[in-house]
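Listed below are the residues making up each chain.
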Amino acid sequence: MGVDRRQFLKIAGLSALAGLGAKSAFELLAPGEVEAALPLMEGKRWAMVIDMRRMTVEIMKKCREVCDDVHNIPDWGSPKVEIKWIWEEEFKHAFPDQENEYAADEVKAKDFLLLCNHCSNPPCCRVCPTGATWQREDGIVMMDWHRCIGCRFCMAGCPYGSRSFNWFDPRKAPKELNPGFPTNLEFPTRSKGVVEKCTFCDERLAKGEFPACVEAANKMKKDVMIFGDLADRESNVRQTLRRHFTIRRKPELGTSPNVYYIV
Amino acid sequence: MLDRVIKGGPKYWGWLIFLAVIMTIGFIVYLYQFRVGLGVTGMSRDVSWGLYIAQFTYLVGIAASGVMVVLPFYLHDYKAFGRITILGEFMAIAAVLMCLLFIMVDLGYLPRIVNVIFYPHPKSILFWDMIVLNVYLLLNLLIGWNVLAAERKGIHYQTWVKVLIYISIPWAFSIHTVTAFLYAGLPGRHFWLTAIMAPRFLAGAFCAGPALLLIICLIVRKVTRFDPGEKQMRTLAGIIAYAFVLNIFFFLMEVFTAFYSQIPGHMHSLVYLFAGMDGYGRLVPWMWAFAVASVVGLVLLIVPATRRKEDTLLVACIAVLISTWIDKGLALVIGGFIPDPFDKVFQYWPTTPEILIALGIWATGFFVLTVLFKMAVSIKEEVGA
Chain A
1 MGVDRRQFLK IAGLSALAGL GAKSAFELLA PGEVEAALPL MEGKRWAMVI DMRRMTVEIM
61 KKCREVCDDV HNIPDWGSPK VEIKWIWEEE FKHAFPDQEN EYAADEVKAK DFLLLCNHCS
121 NPPCCRVCPT GATWQREDGI VMMDWHRCIG CRFCMAGCPY GSRSFNWFDP RKAPKELNPG
181 FPTNLEFPTR SKGVVEKCTF CDERLAKGEF PACVEAANKM KKDVMIFGDL ADRESNVRQT
241 LRRHFTIRRK PELGTSPNVY YIV
Chain B
1 MLDRVIKGGP KYWGWLIFLA VIMTIGFIVY LYQFRVGLGV TGMSRDVSWG LYIAQFTYLV
61 GIAASGVMVV LPFYLHDYKA FGRITILGEF MAIAAVLMCL LFIMVDLGYL PRIVNVIFYP
121 HPKSILFWDM IVLNVYLLLN LLIGWNVLAA ERKGIHYQTW VKVLIYISIP WAFSIHTVTA
181 FLYAGLPGRH FWLTAIMAPR FLAGAFCAGP ALLLIICLIV RKVTRFDPGE KQMRTLAGII
241 AYAFVLNIFF FLMEVFTAFY SQIPGHMHSL VYLFAGMDGY GRLVPWMWAF AVASVVGLVL
301 LIVPATRRKE DTLLVACIAV LISTWIDKGL ALVIGGFIPD PFDKVFQYWP TTPEILIALG
361 IWATGFFVLT VLFKMAVSIK EEVGA
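Protein chains in written order, with the numbering used here: chain A, 1 to 263; chain B, 1 to 385.
Calculated from the structure, these hints are not laboratory results. Every residue, glycine too, gets a C-beta built ideally from N, C-alpha and C. The reader is advised that the hints may include incorrect statements.
Derived DSS-like pairs: lysine-lysine, alpha-carbon spacing no greater than 27 Å straight-line [said to hold, decoys possible]:
1) B:344 x A:62
2) A:110 x B:344
3) A:110 x A:61
4) B:123 x A:250
5) A:172 x A:61
6) A:108 x A:92
7) B:344 x A:92
Below, a sample of chain A positions facing chain B; criterion: calculated Cβ distance under 7 Å [what the hints assert, rightly or not]:
8) 81
9) 82
10) 102
11) 126
12) 127
13) 131
14) 142
15) 145
16) 151
17) 156
18) 160
19) 161
20) 188
21) 194
Derived list of chain B stretches under chain A, where covered just means 3 residues or more per stretch with a C-beta under 8 Å from a C-beta of chain A [unchecked claim]:
22) 37-45
23) 343-356
Start from the sequences and build out the full structure, keeping to the hints where you can.
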């Protein structure tokens, strides 16, 4: 994270173009508000890099909590009907194709943070019969909960298990597990019978904010999760990917996943 | 023509009432599922399709197999099948109806089903499946009705019906091919990612459908004055034998590729199905029942003496139905989801509401089948008398 010189100039320039003047740009980028002012709505191909070397159990737990709260994701207390947008999984389950009995202890012992990969070539969008799940121009794989017919073809099509179905009405989830549900009144709750998934927090990006998990994680440890535009050669994600060796989940399937892991 | 449907004996009415009771129970349980959500079924985040979609897949095969009596008659001028083509077409109608119902009860948000038409997405195989199935239903309704009406009046059916019949032949192959493509094009589901999925589907269909038809023919002969014919049933038995051998052959090809290559993803579903995995083996007894039924069916169908004898042929047909139903109406769909994308086993088994809804739809299919066959057989009895 953080704003480098190039990005600063870009923002300043854009602000000037918009007739805001240099002063406004400086105001926008006043300390503390730097992150909020990033022109996040302008990415061409959003991607995430997760630094697993520095990731901790606490951060992953926090990511899930924040995501559940921000998106009104109910806790059903059962893996059968569970809904999850971001979650933890052991290495061998996160990367079943990377079978390695003698992998480094720290990798084997660690849980990985999983979410929708926002594939560049998403099979879920291909199989959806109504276009209820589709790819935005900036690469985000979106869900329209008002168009979805609940056929669950996308769940069969997703090779990453990133999609959840509302087997019941989320508003009727057990109260004792979901105090204060819905937790975020600015975000819709879903109806029963539709599929949902991570949207890279499109609603936050539209306001120039980072995805909730990225923001929460970086508050606990700076740059443990990096979010940015792959189309921009000098973006934070591209710089990180140049510097570190990263792996992705099941790239051999040709889906071109956009979540990278530094191991 | 429809008046024949309401003229029946106590056995006919008793059977229809019996089916109507099961249909009503299924419908009431569906209302419960509609109100509460699909969580009342055994399906889960990991096994997101279950009994409904498996029945749908199986029945598309039964529907397509009508072509096995239509094709020899119209393309090869095999006159003997003229007596029973209508039965094949009517069986297809009942089967497609069941397919559509199984899709509908599986949808999470049924009222939005029209979105498939309002927002058509030709990239989705489901879009094409909707088209081929509905057109196939329409074709069989038009053909069946008009051919039967012509037979009743003792005239030849119109030329345009003949055109529809010729269209319906490749169309029957298309419905099961497209249904196979629902599965065969998904990355990461190794069990389904096989180029012989469509051939396998067709082979399975062309033995299961005629086996069911043959059993129904035997029943029709027993309860009515219409005899589908010795020669007809013998030819049907031959078709079943060839298709069933092919079906098992294709299945064994899958087993070879998986286990000789030793690629885990290709082996895992088969291992789960036949031996269990991580201590879970819900389907193991079923798969061995499949194996036994397959062997019994193969032996009885291949040996000419048992294929030609009516009682052993009946056993063979039942074995074929058991084998193909476990294979396609159960294992194919469930096995594709186990292990899940994380290489974990999360088991599936249908719940009581799920089974009651499925039985309700099967009863609906048999209700329609009975009524249509009653109409066809009554007219054939009148014409023959």
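(message) Need the status of pair residue 108 of chain A, residue 92 of chain A: alpha-carbon distance at most 27 Å?
(response) holds (7 Å)
(message) Next item in the hint list is residue 161 of chain A. Is there a CB on chain B closer than 7 Å to its CB?
(response) Because about 4 Å separates residue 161 of chain A from the closest Cβ in chain B, which is inside the 7 Å limit, the hint holds.
(message) Under 7 Å is the threshold here; is the Cβ of residue 126 of chain A close enough to any Cβ of chain B for the hint to stand?
(response) This interface hint holds because 5 Å falls under the 7 Å limit.
(message) Would the hint linking residue 344 of chain B and residue 92 of chain A be met if the CA-CA limit is 27 Å?
(response) holds (10 Å)
(request) Take the C-alpha atoms of residue 123 of chain B and residue 250 of chain A, compute the straight-line distance between them, and say whether it is at most 27 Å. (result) holds (23 Å)
(request) Go through the hint on residue 145 of chain A and say holds or violated, using the shortest Cβ distance to chain B against 7 Å. (result) It is violated, given that the least Cβ distance between residue 145 of chain A and chain B is near 10 Å, above 7 Å.
(request) Three residues minimum, CB to CB under 8 Å: does the segment 343-356 of chain B make the cut for coverage by chain A? Let me know. (result) holds (count 3)
(request) With a cut-off of 7 Å on the beta carbons, see whether residue 194 of chain A makes it to chain B. (result) Check passed: Cβ of residue 194 of chain A comes within 6 Å of chain B, closer than 7 Å.
(request) Apply the coverage criterion to the segment 37-45 of chain B and chain A: a residue qualifies when its Cβ sits closer than 8 Å to a Cβ of the chain, and three qualifying residues are needed. (result) holds (count 6)
(request) May I ask you to test the interface hint for residue 127 of chain A with respect to chain B, counting a Cβ-Cβ separation under 7 Å as satisfied? (result) Status holds, d = 5 Å.
(request) Take the C-alpha atoms of residue 344 of chain B and residue 62 of chain A, compute the straight-line distance between them, and say whether it is at most 27 Å. (result) Holds, because 25 Å separates the two Cα atoms, which is no more than 27 Å.
(message) For a C-alpha distance cap of 27 Å, please report whether residue 172 of chain A and residue 61 of chain A respect it.
(response) holds (24 Å)
When each numbered hint is compared with the structure, violations occur for hints 10, 14, 15, 20.
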